Amino acid sequence: MINTKNNKNITKIIRFLDPVLMILLLFIIFLILLIYNLTDITTKIRDYSNQQSIINELKILDTDFDNLMSQQANFINYDGVVTKIDQFYSYIEKLNNEQVLEKYSDNLIEPLELLQAQWIKKHEQIEYFKSHNASIVGSLNYIIELTKSIKKKYYDLDKNNIFLLDTAINNLFKIFINIELDETTIQKDSNNLISLKNKYKTHEFDFLYLKYHSTLSDIIRINHIRKEYDNINIKFILESIELALKKEYQTNIDSQQNMSLSIFIITTILFVLLILVYLKSLKTKKELKSFRYAVENSDNSIVMTDKDRRITYVNEAFEKITGYSKKEALGKNPNILKSDQMPKEFYSNMNDILDKGEKWHGEFINIDKNGNIYYETASITPIIEDDKINGYLAIKLNVTDYINEQEKVEFLAYHDSLTLLPNRRSLEKNVNILLNEAKINKTNLAIFFMDLDGFKTINDALGHDIGDLLLQAVTKRFRHILRDTDHIFRIGGDEFAIAIEYSQDKDYIDLIANKLIKTINEPLHIEDHSLHIGLSIGVARYPQDGEDLMTLLKHADTAMYKAKHDGKNRYYYYNSELSTTVHTRLNIEQSLLSALDNNELYVVYQPKYDVKTKTIFSIEALLRWSNVKLGEIEPNKFIHIAEEAGLINKIGLFVFRQACMDFKILQKKLKTIKLITINVSTIQLKDTKFTNKLLDITKELDINPINIGLEITETHIMKNINNIHDTLFKLRKAGFKILIDDFGTGYSSMSYIQKLPIDILKIDKSFIDDIKLDNDNTIIKAIVSISKSFGYTTVAEGIEDKIQEDILVGLDVDYGQGFYFCKPKRIDDLMDIL
Amino acid sequence: MKHLIYIFLIFSLSYSEPISPIPLKITTDNKKVALGSKLFFDTILSKDNTISCATCHRMDMGGADGLPMSFGINGQIGNINTPTVFNSTFNFVQFWDGRAKNLQEQAIGPIENPVEMGHNIDNIVEILKSTEYHKLFKAIYKDGVTKENITDAIAEFEKSLITPNSPFDNFLRGDNNAITQNQKDGYALFKSHGCISCHHGINIGGNLYAKFGVIGEVKSDSMGRFSVTKNPYDKYFFKVPTLRNIELTSPYLHNGQIEKLEDVVKFMSHFQLGKTLTENEVLKITDFLKSLTGELPKI
Numbered sequence: 001m002i003n004t005k006n007n008k009n010i011t012k013i014i015r016f017l018d019p020v021l022m023i024l025l026l027f028i029i030f031l032i033l034l035i036y037n038l039t040d041i042t043t044k045i046r047d048y049s050n051q052q053s054i055i056n057e058l059k060i061l062d063t064d065f066d067n068l069m070s071q072q073a074n075f076i077n078y079d080g081v082v083t084k085i086d087q088f089y090s091y092i093e094k095l096n097n098e099q100v101l102e103k104y105s106d107n108l109i110e111p112l113e114l115l116q117a118q119w120i121k122k123h124e125q126i127e128y129f130k131s132h133n134a135s136i137v138g139s140l141n142y143i144i145e146l147t148k149s150i151k152k153k154y155y156d157l158d159k160n161n162i163f164l165l166d167t168a169i170n171n172l173f174k175i176f177i178n179i180e181l182d183e184t185t186i187q188k189d190s191n192n193l194i195s196l197k198n199k200y201k202t203h204e205f206d207f208l209y210l211k212y213h214s215t216l217s218d219i220i221r222i223n224h225i226r227k228e229y230d231n232i233n234i235k236f237i238l239e240s241i242e243l244a245l246k247k248e249y250q251t252n253i254d255s256q257q258n259m260s261l262s263i264f265i266i267t268t269i270l271f272v273l274l275i276l277v278y279l280k281s282l283k284t285k286k287e288l289k290s291f292r293y294a295v296e297n298s299d300n301s302i303v304m305t306d307k308d309r310r311i312t313y314v315n316e317a318f319e320k321i322t323g324y325s326k327k328e329a330l331g332k333n334p335n336i337l338k339s340d341q342m343p344k345e346f347y348s349n350m351n352d353i354l355d356k357g358e359k360w361h362g363e364f365i366n367i368d369k370n371g372n373i374y375y376e377t378a379s380i381t382p383i384i385e386d387d388k389i390n391g392y393l394a395i396k397l398n399v400t401d402y403i404n405e406q407e408k409v410e411f412l413a414y415h416d417s418l419t420l421l422p423n424r425r426s427l428e429k430n431v432n433i434l435l436n437e438a439k440i441n442k443t444n445l446a447i448f449f450m451d452l453d454g455f456k457t458i459n460d461a462l463g464h465d466i467g468d469l470l471l472q473a474v475t476k477r478f479r480h481i482l483r484d485t486d487h488i489f490r491i492g493g494d495e496f497a498i499a500i501e502y503s504q505d506k507d508y509i510d511l512i513a514n515k516l517i518k519t520i521n522e523p524l525h526i527e528d529h530s531l532h533i534g535l536s537i538g539v540a541r542y543p544q545d546g547e548d549l550m551t552l553l554k555h556a557d558t559a560m561y562k563a564k565h566d567g568k569n570r571y572y573y574y575n576s577e578l579s580t581t582v583h584t585r586l587n588i589e590q591s592l593l594s595a596l597d598n599n600e601l602y603v604v605y606q607p608k609y610d611v612k613t614k615t616i617f618s619i620e621a622l623l624r625w626s627n628v629k630l631g632e633i634e635p636n637k638f639i640h641i642a643e644e645a646g647l648i649n650k651i652g653l654f655v656f657r658q659a660c661m662d663f664k665i666l667q668k669k670l671k672t673i674k675l676i677t678i679n680v681s682t683i684q685l686k687d688t689k690f691t692n693k694l695l696d697i698t699k700e701l702d703i704n705p706i707n708i709g710l711e712i713t714e715t716h717i718m719k720n721i722n723n724i725h726d727t728l729f730k731l732r733k734a735g736f737k738i739l740i741d742d743f744g745t746g747y748s749s750m751s752y753i754q755k756l757p758i759d760i761l762k763i764d765k766s767f768i769d770d771i772k773l774d775n776d777n778t779i780i781k782a783i784v785s786i787s788k789s790f791g792y793t794t795v796a797e798g799i800e801d802k803i804q805e806d807i808l809v810g811l812d813v814d815y816g817q818g819f820y821f822c823k824p825k826r827i828d829d830l831m832d833i834l
Numbered sequence: 001m002k003h004l005i006y007i008f009l010i011f012s013l014s015y016s017e018p019i020s021p022i023p024l025k026i027t028t029d030n031k032k033v034a035l036g037s038k039l040f041f042d043t044i045l046s047k048d049n050t051i052s053c054a055t056c057h058r059m060d061m062g063g064a065d066g067l068p069m070s071f072g073i074n075g076q077i078g079n080i081n082t083p084t085v086f087n088s089t090f091n092f093v094q095f096w097d098g099r100a101k102n103l104q105e106q107a108i109g110p111i112e113n114p115v116e117m118g119h120n121i122d123n124i125v126e127i128l129k130s131t132e133y134h135k136l137f138k139a140i141y142k143d144g145v146t147k148e149n150i151t152d153a154i155a156e157f158e159k160s161l162i163t164p165n166s167p168f169d170n171f172l173r174g175d176n177n178a179i180t181q182n183q184k185d186g187y188a189l190f191k192s193h194g195c196i197s198c199h200h201g202i203n204i205g206g207n208l209y210a211k212f213g214v215i216g217e218v219k220s221d222s223m224g225r226f227s228v229t230k231n232p233y234d235k236y237f238f239k240v241p242t243l244r245n246i247e248l249t250s251p252y253l254h255n256g257q258i259e260k261l262e263d264v265v266k267f268m269s270h271f272q273l274g275k276t277l278t279e280n281e282v283l284k285i286t287d288f289l290k291s292l293t294g295e296l297p298k299i
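Sequence order for the protein chains is A and B.
Okay, so the first sequence: first residue is 1 according to the working numbering, each after it adds one.
Okay, so the second sequence: first residue is 1 according to the working numbering, each after it adds one.
No lab work stands behind these hints, which were simulated from the structure alone.
Stretch by stretch, here's where chain A covers chain B in the computed footprint (C-beta under 8 Å, at least three residues):
| hint | stretch |
| --- | --- |
| 1 | 194-205 |
| 2 | 213-224 |
| 3 | 264-277 |
On a predicted model such as this, the values are computed, not experimentally measured, just so you know.
Just so it is clear, CB atoms sit at the ideal spot from N, CA and C, and this is done for glycine as well.
With the hints as extra help, turn the sequences into a complete structure.
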């Protein structure tokens, strides 16, 4: 524990000793040192100059004193002298300033002490001089006056005495002007004056002697003083002090200047370092700025918080996405964005991970400032410094659009894109749920299967765009009728389903169904068209008509079939009979299996006749099916089912056989019948053994294949041309005649027509329907023309009135077939007519 | 002494006379002057509490006491005439023998002189500390009552005791009617006879030592400067006293042996100059000397 604490402290200190800080600190220290040094140098220079000036002053004063001492018995105002003496003392004291002396070596102490001592001596002499000089001011003058007055008064003084007097005075003057006189001379003079004084005994002589004596001693004294004074050489001391000072100062200053220079250099180096560091920091700053810019302008929403999860930074993207400005966000917890759509565990789990110092990645459902929901994927990283969490960094991406796309895809998976209604998938899913609800709540559920009547016609005639618009309009009308709680689905091209929950009785359903039919019957105005369509509805109810989804759907479908079959534009409830009686595919398929065995299949015949002579030329065998439950079922309803169920071969052969047998009977009655034609499916033709199978029958029944024609629909040929090509040729070789049925409606290719072994072309009914008096009937003409050029016989199908017949005669068609002449009849009925 | 230089310079420029007038005002520290004044008049400085500075240096007697020798504690008589305290700041040294170089040094003398105040300065420091002086000193001096501070205060007070505006000073300043013709004549004689050679300057004396009795022998108990330097040359050399307010400071000379001003003029001219002045000359010079009395300090 202690170790880690120490380590932490050490790391703290090391971090504190940040190099930049160190350099800065050093720089400051050295700068201070430099300044201190420079100030010190300045002070030293100043002190030195002060001392120099003091020494100069002392020199000047010394000279002044020298001048003073050279005064000869002049009056001197000693106030000035006193002042100068005091000055000299104060200068010396200044020189002896301890603070200054400290800076200099001990070399100066001796000379300064000497200076002091010598000066005191000099001062002494000056004082003496002052005293004695004052004494003799005017003395000499006075002595001369005295001498003059004595000579004047005592005129009878003999020359000798005068001479003595004069000599004494002269000698006095000599001494005064510093001419050396020896002791004996002076003594002699003195003695002479004493004798003169004694001789004359006047106070003048007394005074003269006294004055002479005192003046003499004063002069001698002054000479002595001067000598003593001259011995004291202060100037020399001053000069030596000056020199010593200079030398001291010089070395001192030099070393200090050197130090200053080196400090300056170091300071400059440190300064340069600082600049470099600063430049580096500028670079870092620039980098950070770039980062900051990147973060600021990133499309990702970036949030930084402190360790207490309070926001310290958000970028622009955040502001845009959340609607909160930076100011509003700062200091808040990111949970201000929390929507209630995520469970508590989600957040507690996230917090646990983050508290541990681990990264967390996940998706948020958040709300922005205005309360709008948005989705974010987020990656939150704890910011760790020195093993401690300092804060968190969250980088988030707004995935709302993506989620919306997902939702769209999800939507489209379960909805029809045109009408936006739920689709068949949805139906299966939702109806199961509804069934469960109905089960629990003990309510009823009705399933409507609806088919638009006549939609295909409109779609084909006016195009898919109109068809789409029609569907949308229809959807709108449905919705209008239905409640919000009713579910409507689009399950097919023009097929819809509704699931209605109800607890009332059947009348309610009747009401709805009627309403729906009525509303759909109203004309729909799509662009410039006014369209009329019908609605066929099949209704299956839970629980009466079924308890599971599949059953209900099937039964509703069956009921709708019935409605369609029975005339369309109506609604039928399911009843159990319907399952069996309605011509649903299933029903047909199931019945067909046993149809043949149950003799439900039978053949009717329709004659083809020469349009000009009106004589029957051939008959066509047509298959019919009469089922106990389903009733009469038309071939166009069950043939393709037979083909798909694989029953067509069997059925086809049955027809063939039956037709052959009946032909034989017919031929006996009507000799003009040369040909019997039987419809053949391309499936049959694909069978390679087909020709042989036919031949077996013809052999068995003893019929010549020449009298048998096989009718194949043009479109079917063209679709399967490659597969049946060989069979056709085989048949032809065997003698069978080949007829192309419904010619002109398919993809007739001239080259194929040419290549195929064709005998007769049957012009499609639609062209015959189009025959009008004022029409060119160009197509029929063309077909007749082609036939003739290829040597085919033409038969016009579906002649229903005389006009058509006459025109066809005019168009040079060979034969005709249709209700006008004769409807398809059973063999017995036909025999009767003939 | 700095102010002396200043004065000397100024007045030597404007006046070529050997005597300079006293400045009308002198810069002092008022607080120190007040404290010093209190001390000056306080007998607490003497051993038996009878003598203060003012006992001998009386404000009403020209700064002296009118006695040949002064009395000390226990009725003792001193050995030298009390010099005036007035204008004493202008003297180049203090005491007749110049043993004190300034007023502050001088102040100790009488305090510790057994025949004057007979005290011990260290004891006085202790005594004063226990009085209100402690507070008064503390108010001015950081270190309170000390030897230096006591003498400093006294000296500052003494410095303030100048007597400007004597008639002669005013005459020097340019007022020709400040003194009488007699006095002007007296001044001329003072100069011509050579009295001026010793009695000159701002204090009309007080700036050199001179031998007492140049011409002939004069009796003197005190040896003067000799007692300080022990130099035989210095025997009977005394500081030349100031002549300002001289008419107030009788008796005269260091031994106080001459009472009348006229008499001391005669004495001086005989023994210092070796001259005999006429009666007229003496009177004129005396008259001149009387013009040297200035405005006394108001205490």
